Amino acid sequence: MTSAPTPVPFAGSDLVYFISPRPTEGKAYSEQPKIVVIIGWMGAEFSHLKHFSATHSRMYPSAMQFVILAESESAVGSRAYNLKRMRPVAEFFRKQCLEGTEPPSILFHLFSGGGVSQLIWLSHIFNATLFKRELGSPRPPVVLIFDSTPGAYHRHQYILGTTLTLSSGPRRTFVALRGSARWAVMSTWWALSGSQSTHSFIRDNLNDPGLLGWINHDALRVYIYSDADEVAERDEVARHAQEARMKGFWVKEQVFRGSGHVRHAAKDSRRYWATVDGAWRDAVHAKL
1 MTSAPTPVPF
11 AGSDLVYFIS
21 PRPTEGKAYS
31 EQPKIVVIIG
41 WMGAEFSHLK
51 HFSATHSRMY
61 PSAMQFVILA
71 ESESAVGSRA
81 YNLKRMRPVA
91 EFFRKQCLEG
101 TEPPSILFHL
111 FSGGGVSQLI
121 WLSHIFNATL
131 FKRELGSPRP
141 PVVLIFDSTP
151 GAYHRHQYIL
161 GTTLTLSSGP
171 RRTFVALRGS
181 ARWAVMSTWW
191 ALSGSQSTHS
201 FIRDNLNDPG
211 LLGWINHDAL
221 RVYIYSDADE
231 VAERDEVARH
241 AQEARMKGFW
251 VKEQVFRGSG
261 HVRHAAKDSR
271 RYWATVDGAW
281 RDAVHAKL
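The sequence shown begins at 1 in this note's numbering and counts up one residue at a time.
You may find that some hints are simply not true.
As the list claims (entries may be wrong) - Each computed EDC-like pair below joins lysine to aspartate or glutamate, with the alpha-carbon atoms no more than 16 Å apart:
hint: 1; residue 1: Lys247; residue 2: Asp218
hint: 2; residue 1: Lys50; residue 2: Glu102
hint: 3; residue 1: Lys84; residue 2: Glu73
hint: 4; residue 1: Lys84; residue 2: Asp14
hint: 5; residue 1: Lys34; residue 2: Glu102
hint: 6; residue 1: Lys34; residue 2: Glu71
hint: 7; residue 1: Lys252; residue 2: Glu230
hint: 8; residue 1: Lys247; residue 2: Asp282
hint: 9; residue 1: Lys247; residue 2: Asp204
hint: 10; residue 1: Lys95; residue 2: Glu73
hint: 11; residue 1: Lys267; residue 2: Asp204
hint: 12; residue 1: Lys84; residue 2: Glu71
hint: 13; residue 1: Lys34; residue 2: Asp227
Simulated from the structure, these hints should not be mistaken for laboratory data.
Please read all numbers here as calculations on a predicted model, not as lab measurements.
Please model the entire structure based on the sequences and the hints provided.
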(Lines of atoms letter the chains of each structure in order from A; the text may use other names.)
(Lines give C-alpha, C1' and ligand atoms only; values in the text may rest on other atoms or scores of the structure.)
Protein backbone atom coordinates (compact mmCIF):
# COMPACT_ATOMS: atom_id res chain seq x y z
CA MET A 1 0.00 0.00 0.00
CA THR A 2 1.35 3.44 -0.94
CA SER A 3 2.11 5.55 2.12
CA ALA A 4 0.11 8.71 2.62
CA PRO A 5 1.89 11.94 1.66
CA THR A 6 3.00 14.35 4.37
CA PRO A 7 1.16 17.69 4.40
CA VAL A 8 3.33 20.76 3.97
CA PRO A 9 2.74 23.77 6.25
CA PHE A 10 1.87 26.99 4.44
CA ALA A 11 4.43 29.71 5.18
CA GLY A 12 1.82 32.47 5.17
CA SER A 13 -0.19 31.10 8.09
CA ASP A 14 0.35 28.73 10.99
CA LEU A 15 -3.22 27.46 10.60
CA VAL A 16 -3.01 25.52 7.34
CA TYR A 17 -1.25 22.48 5.84
CA PHE A 18 -1.43 21.41 2.20
CA ILE A 19 -1.14 18.22 0.13
CA SER A 20 -0.84 18.39 -3.66
CA PRO A 21 -3.01 16.00 -5.69
CA ARG A 22 -1.40 12.77 -6.91
CA PRO A 23 -1.93 10.88 -10.17
CA THR A 24 -5.26 9.07 -10.27
CA GLU A 25 -5.24 5.86 -8.27
CA GLY A 26 -8.05 3.53 -7.26
CA LYS A 27 -11.35 5.35 -7.77
CA ALA A 28 -11.94 7.05 -11.09
CA TYR A 29 -11.00 10.72 -11.04
CA SER A 30 -14.64 11.72 -11.58
CA GLU A 31 -15.63 9.86 -8.40
CA GLN A 32 -13.16 11.72 -6.19
CA PRO A 33 -13.56 15.21 -4.77
CA LYS A 34 -11.25 17.74 -6.30
CA ILE A 35 -10.66 19.26 -2.85
CA VAL A 36 -10.71 17.77 0.66
CA VAL A 37 -10.77 20.28 3.52
CA ILE A 38 -10.22 18.97 7.06
CA ILE A 39 -10.78 21.50 9.86
CA GLY A 40 -9.94 20.43 13.38
CA TRP A 41 -11.57 21.04 16.72
CA MET A 42 -10.44 23.92 18.93
CA GLY A 43 -6.88 23.46 20.11
CA ALA A 44 -6.18 20.41 17.94
CA GLU A 45 -2.73 20.31 16.37
CA PHE A 46 -1.88 18.60 13.11
CA SER A 47 -0.68 15.54 15.01
CA HIS A 48 -4.24 15.04 16.25
CA LEU A 49 -5.59 15.15 12.69
CA LYS A 50 -2.93 13.20 10.79
CA HIS A 51 -4.94 9.96 10.84
CA PHE A 52 -7.88 11.70 9.19
CA SER A 53 -5.56 13.32 6.66
CA ALA A 54 -3.89 10.00 5.83
CA THR A 55 -7.21 8.20 5.45
CA HIS A 56 -8.54 10.85 3.08
CA SER A 57 -5.31 10.63 1.07
CA ARG A 58 -5.79 6.89 0.67
CA MET A 59 -9.48 7.21 -0.20
CA TYR A 60 -9.10 10.19 -2.55
CA PRO A 61 -5.49 10.33 -3.79
CA SER A 62 -6.33 12.69 -6.64
CA ALA A 63 -7.77 15.30 -4.29
CA MET A 64 -5.93 18.41 -3.25
CA GLN A 65 -6.07 18.45 0.55
CA PHE A 66 -6.07 21.23 3.12
CA VAL A 67 -5.79 20.69 6.87
CA ILE A 68 -6.86 23.81 8.77
CA LEU A 69 -6.41 24.31 12.49
CA ALA A 70 -8.73 26.11 14.91
CA GLU A 71 -7.26 27.97 17.86
CA SER A 72 -8.95 27.81 21.24
CA GLU A 73 -8.97 31.62 21.13
CA SER A 74 -11.25 31.64 18.10
CA ALA A 75 -14.35 30.79 20.18
CA VAL A 76 -13.97 33.89 22.34
CA GLY A 77 -12.18 36.08 19.81
CA SER A 78 -13.84 39.00 18.07
CA ARG A 79 -15.07 38.99 14.49
CA ALA A 80 -12.11 41.20 13.53
CA TYR A 81 -9.65 38.80 15.18
CA ASN A 82 -11.06 35.72 13.46
CA LEU A 83 -11.29 37.32 10.04
CA LYS A 84 -7.70 38.59 10.33
CA ARG A 85 -6.44 35.10 11.24
CA MET A 86 -8.38 33.43 8.41
CA ARG A 87 -7.69 35.86 5.55
CA PRO A 88 -4.26 34.38 4.70
CA VAL A 89 -5.84 30.91 4.73
CA ALA A 90 -8.65 32.08 2.47
CA GLU A 91 -6.24 33.76 0.05
CA PHE A 92 -4.08 30.65 -0.18
CA PHE A 93 -7.16 28.48 -0.72
CA ARG A 94 -8.49 30.86 -3.38
CA LYS A 95 -5.25 30.86 -5.37
CA GLN A 96 -4.98 27.08 -5.25
CA CYS A 97 -8.62 26.17 -5.91
CA LEU A 98 -10.88 29.01 -7.01
CA GLU A 99 -9.11 30.64 -9.93
CA GLY A 100 -10.91 28.65 -12.62
CA THR A 101 -14.19 29.40 -14.32
CA GLU A 102 -15.96 26.49 -12.63
CA PRO A 103 -16.01 25.91 -8.86
CA PRO A 104 -14.43 22.67 -7.63
CA SER A 105 -16.10 19.73 -5.95
CA ILE A 106 -15.26 19.78 -2.22
CA LEU A 107 -15.56 17.43 0.73
CA PHE A 108 -15.40 19.35 4.02
CA HIS A 109 -14.61 17.26 7.12
CA LEU A 110 -15.39 19.49 10.11
CA PHE A 111 -14.75 18.64 13.74
CA SER A 112 -16.59 20.16 16.66
CA GLY A 113 -17.17 23.89 17.12
CA GLY A 114 -13.69 24.77 15.89
CA GLY A 115 -14.24 23.10 12.54
CA VAL A 116 -17.59 24.67 11.75
CA SER A 117 -16.63 28.13 13.02
CA GLN A 118 -13.59 28.23 10.72
CA LEU A 119 -15.82 27.21 7.81
CA ILE A 120 -18.15 30.07 8.70
CA TRP A 121 -15.29 32.60 8.71
CA LEU A 122 -13.97 31.30 5.38
CA SER A 123 -17.44 31.56 3.89
CA HIS A 124 -17.90 35.11 5.15
CA ILE A 125 -14.65 36.08 3.41
CA PHE A 126 -15.49 34.29 0.17
CA ASN A 127 -19.09 35.49 0.04
CA ALA A 128 -17.82 39.05 0.31
CA THR A 129 -15.09 38.72 -2.32
CA LEU A 130 -16.15 36.06 -4.82
CA PHE A 131 -18.91 35.86 -7.38
CA LYS A 132 -21.74 33.97 -5.69
CA ARG A 133 -23.20 30.96 -7.45
CA GLU A 134 -26.79 31.71 -8.38
CA LEU A 135 -29.47 29.16 -7.62
CA GLY A 136 -30.07 27.10 -10.74
CA SER A 137 -26.54 27.56 -12.09
CA PRO A 138 -24.26 24.50 -12.45
CA ARG A 139 -22.95 23.47 -9.08
CA PRO A 140 -20.37 20.84 -8.15
CA PRO A 141 -20.88 18.12 -5.53
CA VAL A 142 -20.16 19.47 -2.05
CA VAL A 143 -20.36 17.49 1.20
CA LEU A 144 -20.17 18.74 4.78
CA ILE A 145 -19.25 16.14 7.40
CA PHE A 146 -20.23 17.54 10.81
CA ASP A 147 -18.35 15.41 13.35
CA SER A 148 -19.56 16.12 16.90
CA THR A 149 -21.18 19.44 16.07
CA PRO A 150 -22.97 21.76 16.57
CA GLY A 151 -23.53 21.56 20.31
CA ALA A 152 -24.87 24.08 22.79
CA TYR A 153 -21.43 25.64 23.50
CA HIS A 154 -22.01 26.46 27.16
CA ARG A 155 -18.99 27.29 29.31
CA HIS A 156 -18.38 23.79 30.65
CA GLN A 157 -18.63 22.36 27.14
CA TYR A 158 -16.16 24.94 25.83
CA ILE A 159 -13.71 23.99 28.57
CA LEU A 160 -14.14 20.26 27.92
CA GLY A 161 -13.58 20.84 24.22
CA THR A 162 -10.45 22.96 24.60
CA THR A 163 -8.81 20.52 27.05
CA LEU A 164 -9.70 17.46 25.00
CA THR A 165 -6.17 16.79 23.76
CA LEU A 166 -4.35 17.63 26.98
CA SER A 167 -3.18 14.79 29.20
CA SER A 168 -1.00 16.73 31.63
CA GLY A 169 -2.78 17.51 34.89
CA PRO A 170 -1.22 20.96 35.59
CA ARG A 171 -1.41 22.01 31.94
CA ARG A 172 -5.02 20.85 31.65
CA THR A 173 -5.94 22.73 34.84
CA PHE A 174 -4.26 25.92 33.62
CA VAL A 175 -6.03 25.82 30.23
CA ALA A 176 -9.35 25.09 31.92
CA LEU A 177 -9.00 28.04 34.31
CA ARG A 178 -7.89 30.36 31.53
CA GLY A 179 -10.76 29.23 29.34
CA SER A 180 -13.25 29.70 32.16
CA ALA A 181 -12.03 33.25 32.74
CA ARG A 182 -12.21 34.08 29.04
CA TRP A 183 -15.71 32.67 28.79
CA ALA A 184 -16.85 34.72 31.78
CA VAL A 185 -15.51 37.92 30.20
CA MET A 186 -17.10 37.17 26.82
CA SER A 187 -20.43 36.18 28.39
CA THR A 188 -20.52 39.51 30.19
CA TRP A 189 -19.70 41.31 26.94
CA TRP A 190 -22.41 39.45 25.03
CA ALA A 191 -24.97 40.34 27.71
CA LEU A 192 -24.02 44.02 28.05
CA SER A 193 -23.51 44.76 24.34
CA GLY A 194 -26.32 42.64 22.97
CA SER A 195 -23.79 40.87 20.74
CA GLN A 196 -24.46 37.39 19.40
CA SER A 197 -23.01 34.59 21.51
CA THR A 198 -20.73 31.91 20.07
CA HIS A 199 -23.58 29.42 20.51
CA SER A 200 -26.11 31.32 18.43
CA PHE A 201 -23.47 32.55 15.94
CA ILE A 202 -22.46 29.01 14.97
CA ARG A 203 -25.90 27.43 15.00
CA ASP A 204 -27.56 30.29 13.08
CA ASN A 205 -24.82 30.64 10.46
CA LEU A 206 -24.75 26.91 9.69
CA ASN A 207 -28.43 27.06 8.81
CA ASP A 208 -28.12 30.23 6.75
CA PRO A 209 -29.01 29.32 3.12
CA GLY A 210 -26.45 31.86 1.90
CA LEU A 211 -23.49 30.48 3.85
CA LEU A 212 -22.15 28.44 0.94
CA GLY A 213 -23.26 30.86 -1.74
CA TRP A 214 -19.66 30.97 -2.97
CA ILE A 215 -19.66 27.25 -3.86
CA ASN A 216 -22.97 25.33 -3.60
CA HIS A 217 -26.22 26.13 -1.81
CA ASP A 218 -27.31 22.48 -2.02
CA ALA A 219 -24.45 20.75 -0.22
CA LEU A 220 -25.15 17.42 1.45
CA ARG A 221 -24.54 17.64 5.19
CA VAL A 222 -23.96 14.58 7.37
CA TYR A 223 -24.22 14.89 11.14
CA ILE A 224 -22.10 12.28 12.95
CA TYR A 225 -22.72 12.27 16.69
CA SER A 226 -23.08 10.09 19.76
CA ASP A 227 -25.26 9.40 22.76
CA ALA A 228 -22.17 9.63 25.01
CA ASP A 229 -20.69 12.96 23.87
CA GLU A 230 -20.53 15.42 26.76
CA VAL A 231 -19.33 18.34 24.62
CA ALA A 232 -21.81 18.18 21.74
CA GLU A 233 -24.77 16.45 23.30
CA ARG A 234 -26.95 14.22 21.15
CA ASP A 235 -30.15 16.21 21.56
CA GLU A 236 -28.46 19.50 20.60
CA VAL A 237 -26.95 18.06 17.42
CA ALA A 238 -30.18 16.25 16.48
CA ARG A 239 -32.18 19.45 17.01
CA HIS A 240 -29.91 21.38 14.65
CA ALA A 241 -30.19 18.62 12.04
CA GLN A 242 -33.97 18.79 12.26
CA GLU A 243 -33.94 22.58 11.95
CA ALA A 244 -31.75 22.21 8.86
CA ARG A 245 -34.22 19.76 7.30
CA MET A 246 -37.09 22.13 7.95
CA LYS A 247 -35.15 24.85 6.11
CA GLY A 248 -34.72 22.63 3.08
CA PHE A 249 -31.14 21.45 3.53
CA TRP A 250 -30.12 17.97 2.36
CA VAL A 251 -29.44 16.19 5.66
CA LYS A 252 -28.28 12.76 6.74
CA GLU A 253 -27.49 11.58 10.27
CA GLN A 254 -25.28 8.83 11.69
CA VAL A 255 -25.59 8.20 15.43
CA PHE A 256 -22.94 6.22 17.30
CA ARG A 257 -23.31 4.63 20.71
CA GLY A 258 -20.74 5.04 23.46
CA SER A 259 -18.17 7.17 21.60
CA GLY A 260 -16.83 10.38 23.08
CA HIS A 261 -16.35 13.78 21.49
CA VAL A 262 -14.63 13.49 18.05
CA ARG A 263 -13.93 9.83 18.89
CA HIS A 264 -16.50 8.18 16.64
CA ALA A 265 -13.91 7.06 14.07
CA ALA A 266 -11.91 5.42 16.85
CA LYS A 267 -15.02 3.64 18.09
CA ASP A 268 -15.99 2.09 14.75
CA SER A 269 -13.59 3.00 11.97
CA ARG A 270 -15.26 0.92 9.25
CA ARG A 271 -18.70 2.38 9.84
CA TYR A 272 -17.34 5.90 10.17
CA TRP A 273 -15.42 5.93 6.91
CA ALA A 274 -18.21 4.11 5.07
CA THR A 275 -20.45 6.99 6.15
CA VAL A 276 -18.01 9.58 4.81
CA ASP A 277 -17.44 7.83 1.47
CA GLY A 278 -21.13 6.97 1.13
CA ALA A 279 -22.02 10.63 1.53
CA TRP A 280 -19.56 11.60 -1.19
CA ARG A 281 -20.98 8.96 -3.55
CA ASP A 282 -24.51 10.19 -2.87
CA ALA A 283 -23.52 13.74 -3.71
CA VAL A 284 -21.75 12.70 -6.92
CA HIS A 285 -24.65 10.53 -8.13
CA ALA A 286 -27.16 13.29 -7.37
CA LYS A 287 -25.33 15.44 -9.96
CA LEU A 288 -25.45 12.81 -12.71
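Quick rundown of the hints versus the structure:
1. Lys247 with Asp218: 12 Å, holds
2. Lys50 with Glu102: 30 Å, violated
3. Lys84 with Glu73: Status holds; Cα separation ~13 Å.
4. Lys84 with Asp14: 13 Å, holds
5. Lys34 with Glu102: 12 Å, holds
6. Lys34 with Glu71: Not OK: Lys34 and Glu71 at ~27 Å, beyond 16 Å, violated.
7. Lys252 with Glu230: 22 Å, violated
8. Lys247 with Asp282: Status violated; Cα separation ~20 Å.
9. Lys247 with Asp204: Cα-Cα ~12 Å, so holds.
10. Lys95 with Glu73: Violated, at about 27 Å.
11. Lys267 with Asp204: 30 Å, violated
12. Lys84 with Glu71: 13 Å, holds
13. Lys34 with Asp227: Not OK: Lys34 and Asp227 at ~33 Å, beyond 16 Å, violated.
In the structure shown, a violation is registered for the earlier hints numbered 2, 6, 7, 8, 10, 11 and 13, in ascending order.
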